[in-house]
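2 protein chains.
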Amino acid sequence: MKLPPCLSILSGHLCIGGQDCVEIASRYGTPLYVTDGDRIIGNYSAYERALHSHYSRIRVLYAAKANGNLAILRLLKEAGAGADVFSSGELSLALRAGMAPRDLLFNGNSKSPADLTLAIRNGVKISVDSLDELELIESLAAEEGNEVEIAFRVNPAIEVPTHPKIATGLRTSKFGIPHEQIKGAYEVALSREHVRPIGIHCHIGSQILDVDPFEKEAEVMVRIAGSLVDLGVPLDFIDLGGGLGIPYRHATDPAPTPEDYANRVMPVFLRGMKEVGIQPALWVEPGRYLVGDSTVLLTRVNSVKEAHRRFVNVDAGFNLLIRPMMYDAYHEVVLANRALDPSQIMCTIAGPICESGDILAYDRPLPIVRAGDLIGVLDTGAYGFAMSSQYNARPRCAEVLVRGGSITVMRRAETIQDIIVPMEARKW
Amino acid sequence: MKLPPCLSILSGHLCIGGQDCVEIASRYGTPLYVTDGDRIIGNYSAYERALHSHYSRIRVLYAAKANGNLAILRLLKEAGAGADVFSSGELSLALRAGMAPRDLLFNGNSKSPADLTLAIRNGVKISVDSLDELELIESLAAEEGNEVEIAFRVNPAIEVPTHPKIATGLRTSKFGIPHEQIKGAYEVALSREHVRPIGIHCHIGSQILDVDPFEKEAEVMVRIAGSLVDLGVPLDFIDLGGGLGIPYRHATDPAPTPEDYANRVMPVFLRGMKEVGIQPALWVEPGRYLVGDSTVLLTRVNSVKEAHRRFVNVDAGFNLLIRPMMYDAYHEVVLANRALDPSQIMCTIAGPICESGDILAYDRPLPIVRAGDLIGVLDTGAYGFAMSSQYNARPRCAEVLVRGGSITVMRRAETIQDIIVPMEARKW
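The listed protein sequences correspond, in order, to chains R and E.
Residues in the first sequence are numbered from 896 upward in steps of one, following the working numbering.
Residues in the second sequence are numbered from 896 upward in steps of one, following the working numbering.
Where hints are given, some of them may not hold.
Put simply, identical chains are the same to the list, so a pair is met inside one copy or across any two.
Unchecked claim - The calculated EDC-like cross-link candidates involving lysine to aspartate or glutamate, where the alpha carbons are at most 20 Å apart (straight line), are:
| no. | residue 1 | residue 2 |
| --- | --- | --- |
| 1 | K1078 | E1309 |
| 2 | K1111 | E1039 |
| 3 | K1060 | D1313 |
| 4 | K972 | D1131 |
| 5 | K972 | D1148 |
| 6 | K1060 | D1223 |
| 7 | K897 | E1054 |
| 8 | K1060 | D1258 |
| 9 | K1169 | E1309 |
| 10 | K1060 | E1042 |
| 11 | K1078 | E1201 |
Source of the hints: derived by calculation from the structure; they are not laboratory data.
Please take these sequences and the hints and turn them into a complete structure.
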């Protein structure tokens, strides 16, 4: 199997960022998420550079939803990233990581009055999802005596080749304002006192491995930008969102690079802006692409069973990695403590959760696996820990960060006390 | 809409256990899980009584995975329940709720050495999922100088009409020992020094609305029990698991009662035991049936949008209730603050999470809904909060318990600090 750049094999052990996963697992316990910080920085730099080589006004907003660990937000902030935040929580994390309010965009289809007030007070731009929300923002901003810079999120009605649950630019999606209503929305915004429409926003989905839809999206956005300028909207930024996927199936998935993305999107954008006669900043919101391949989930084998399949029962399930169950997602798996042993038998990696669907990987060729062995589940940096739960009363595992030869705990493991304490504020 | 027994409408407000949901929501905030404790006790009593009227040696083990709140475990303990626990965490919660170790069964396909040791030390019976696990138990029990009472979990290879992710008795499921291997497994167990096989266990799945499969299961288990007795296994309990569903679609779903269940299962069990010549305890493991219809999730409307559909954007999404997204599950919804207003328009209830699939309910007839309104999502007591996450950096909501006219917080709401603190053990 072709390993992602941050992984290697030394003396038969899987290594990440040069560190031995077997040692890390025995030191920090399992299950365990291990992230290579340098890989994240490398991914960020590649993304930024690819766009910047076409145009100077580029801003990369990291989609914090992919992995909201503070250590990762801090790394990305140092590298120059802002953030696409989707809740008051993500906004708070981004600020705590040191990001400036001007480098954030508050997105989402359902923001509460408290969410919006937090953004307004902090001077964070808001991507507005409906006229109903616009009016709420207007009244909250008036109360605060503030003016808010906004964009509308456009629903471009673009079909994309990804899982329907994460295809966010479909006509039927809950996100954004239908593109045929968008001019009317800006007209309303221009007439309001406390909102200043200065941008336009779109995001067509996640885990897209074909750059065609991004080109189509750019075409739609350029067209809309032109009509908005005609309307008198002082467009200062166009946000094309994120969505570039990663090759989870190492052998067969296409692996479009940020260059591939930029080479298709930027000519459309630049030609369009020239025609419209403006030079707005171009914002993008990569999430998965920056963090996805930086992380391995280490999980210990509890037992092996021959039944309908050969089940390798491990200590991590969909409580920690829900993507296989939720989206039929594929992750490569490696026998981390004997990574050079030849594959001999098909194994199904089963988690400990009480549902038949709790399978991390079906029918993978592996060496003979035994209780006590260590499995590495690859490419788990995006939508891994971020979507974890305490289902089956399982405390969530630790996350560690490998960087420049050192290993630090970036989220401590929970214990059963973390589950009990919020229930014991009073005795029953 | 026919409301479940714990709900009513007074002055146009949805009430639970006689308490006004609008007042509860304004007092405790939204989103909010509200549970009627009396309903749980009523469900438990009905279940226990239905079986007990056929046979005296009945033990009801509550499937703690459905809802692991300590307050609920304590209620059920007082009512006489034991628990089916699926992890060290659930075992700890059950003990903390005051349940006796003898009233617990430790289930699961993937138990770690630490899980097994905890069970062994506490004298909790174990349902063993594989021979590999049996040998591990034997060696751990030897280390502890203890003897452990066990059952094997049988895979009965029964097709059941439910969602495939929760059909646990299929031939292809990860759970249990194929029934044709089960005799051999007991032979091994009988030959080991520190395990004492005294039971047999099965669980065919969850949310089953037809009692036929339970009858088939009982037939399989009776047949196996006979062969085990022939083998010399001193069978002291037969555990048929749980799985009785609830009618989430109030108007159209079948609603089998515990009596329906008992009337089909008990004759098979009793006839079989008479033929075999033993009188083992009959254990059952209801989860959803006991708690499912006891709870409403209250969620506030943030905005309303006319797009492809009429989207009612609320403050709870699949971070708090994943069933609609994960299993295409259906939950009735009620406009809790104007519950008697006539339905006028189809609404789609959308959560605040960053995925297109984050829809709690599609196309439901509701009155004209406005920002600030309160939606009640019904029948959310099972696999609701239990499967919640902090996805999108959203602190999880509170759970409150209504009982005998009083309201208590049974799990406090989280804040962003609950998310930050585990990441700030050290500075970066």
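Each hint tested on the structure:
no.: 1; hint: K1078 with E1309; in the structure: neither (49 Å within a copy, 40 Å between copies)
no.: 2; hint: K1111 with E1039; in the structure: neither (39 Å within a copy, 66 Å between copies)
no.: 3; hint: K1060 with D1313; in the structure: neither (31 Å within a copy, 28 Å between copies)
no.: 4; hint: K972 with D1131; in the structure: neither (22 Å within a copy, 62 Å between copies)
no.: 5; hint: K972 with D1148; in the structure: neither (30 Å within a copy, 52 Å between copies)
no.: 6; hint: K1060 with D1223; in the structure: both (11 Å within a copy, 12 Å between copies)
no.: 7; hint: K897 with E1054; in the structure: neither (31 Å within a copy, 40 Å between copies)
no.: 8; hint: K1060 with D1258; in the structure: between (25 Å within a copy, 17 Å between copies)
no.: 9; hint: K1169 with E1309; in the structure: neither (54 Å within a copy, 49 Å between copies)
no.: 10; hint: K1060 with E1042; in the structure: neither (35 Å within a copy, 49 Å between copies)
no.: 11; hint: K1078 with E1201; in the structure: between (62 Å within a copy, 15 Å between copies)
Violated hints, in rising order: 1, 2, 3, 4, 5, 7, 9 and 10; the structure is consistent with all others.
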